[in-house]
Amino acid sequence: MKDYGTLSQAINKLKLEEGYEHDFNLLDEHLELKSEDEKFGAHEFDVDKVLRFEGMSNPDDNSILYAITTESGRKGTLVDGYGISSGQLSDKMTKKLDLKENRPIK
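Just so we're aligned, residue 1 is where the sequence shown starts under our numbering, counting upward by one.
Keep in mind the hints are simulated off the structure, nothing from the lab.
The reader is advised that the hints may include incorrect statements.
Straight line, CA to CA, 25 angstroms or less: simulated SDA-like cross-link-like pairs of lysine to any residue [stated by the list, open to error]: (1) 15 / 44; (2) 95 / 16; (3) 75 / 6; (4) 39 / 54; (5) 13 / 69; (6) 34 / 3; (7) 95 / 17; (8) 15 / 91; (9) 75 / 53; (10) 92 / 50; (11) 2 / 40; (12) 13 / 29; (13) 15 / 93; (14) 34 / 2; (15) 39 / 5; (16) 75 / 30.
Have a look at the derived ranges for each label pair, beta carbon to beta carbon [what the hints assert, rightly or not]: (17) 5 / 48: 13 to 23 angstroms; (18) 90 / 5: 30 to 40 angstroms; (19) 43 / 5: 25 to 35 angstroms; (20) 5 / 81: 29 to 39 angstroms.
We put the CB at the ideal spot given by N, CA and C, even for glycine.
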């Protein structure tokens, strides 16, 4: 498995080396791409990779990085907290972003 380093290093590698150029925002029912004024429901994207990062001394620093490709071909990243700092999501979005489901095996 590729070593992505820190969260910021991983975002840079995904953008520069793997083409995940967009920044998605996570809302209750969909992903948002503000720069293009587009929204994507759970059925309109795939999670290609999931990377977890744990804070060295503070559990509030836990985060998760998703590499996502939409049906329309947009590739980007989404950063969210996990555990207690995770956002509130619909059941569909929670299942789509689940760490074990809905992801191709690599």
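Hint check results:
| no. | hint | result |
| --- | --- | --- |
| 1 | 15 / 44 | holds, 21 angstroms |
| 2 | 95 / 16 | violated, 29 angstroms |
| 3 | 75 / 6 | holds, 20 angstroms |
| 4 | 39 / 54 | violated, 29 angstroms |
| 5 | 13 / 69 | holds, 16 angstroms |
| 6 | 34 / 3 | violated, 29 angstroms |
| 7 | 95 / 17 | violated, 28 angstroms |
| 8 | 15 / 91 | violated, 29 angstroms |
| 9 | 75 / 53 | holds, 21 angstroms |
| 10 | 92 / 50 | holds, 18 angstroms |
| 11 | 2 / 40 | violated, 28 angstroms |
| 12 | 13 / 29 | violated, 28 angstroms |
| 13 | 15 / 93 | holds, 23 angstroms |
| 14 | 34 / 2 | violated, 30 angstroms |
| 15 | 39 / 5 | violated, 30 angstroms |
| 16 | 75 / 30 | holds, 15 angstroms |
| 17 | 5 / 48: 13 to 23 angstroms | holds, 18 angstroms |
| 18 | 90 / 5: 30 to 40 angstroms | holds, 32 angstroms |
| 19 | 43 / 5: 25 to 35 angstroms | holds, 33 angstroms |
| 20 | 5 / 81: 29 to 39 angstroms | violated, 19 angstroms |
Checked against the numbered hints above, the structure breaks hints 2, 4, 6, 7, 8, 11, 12, 14, 15 and 20 and satisfies the rest.
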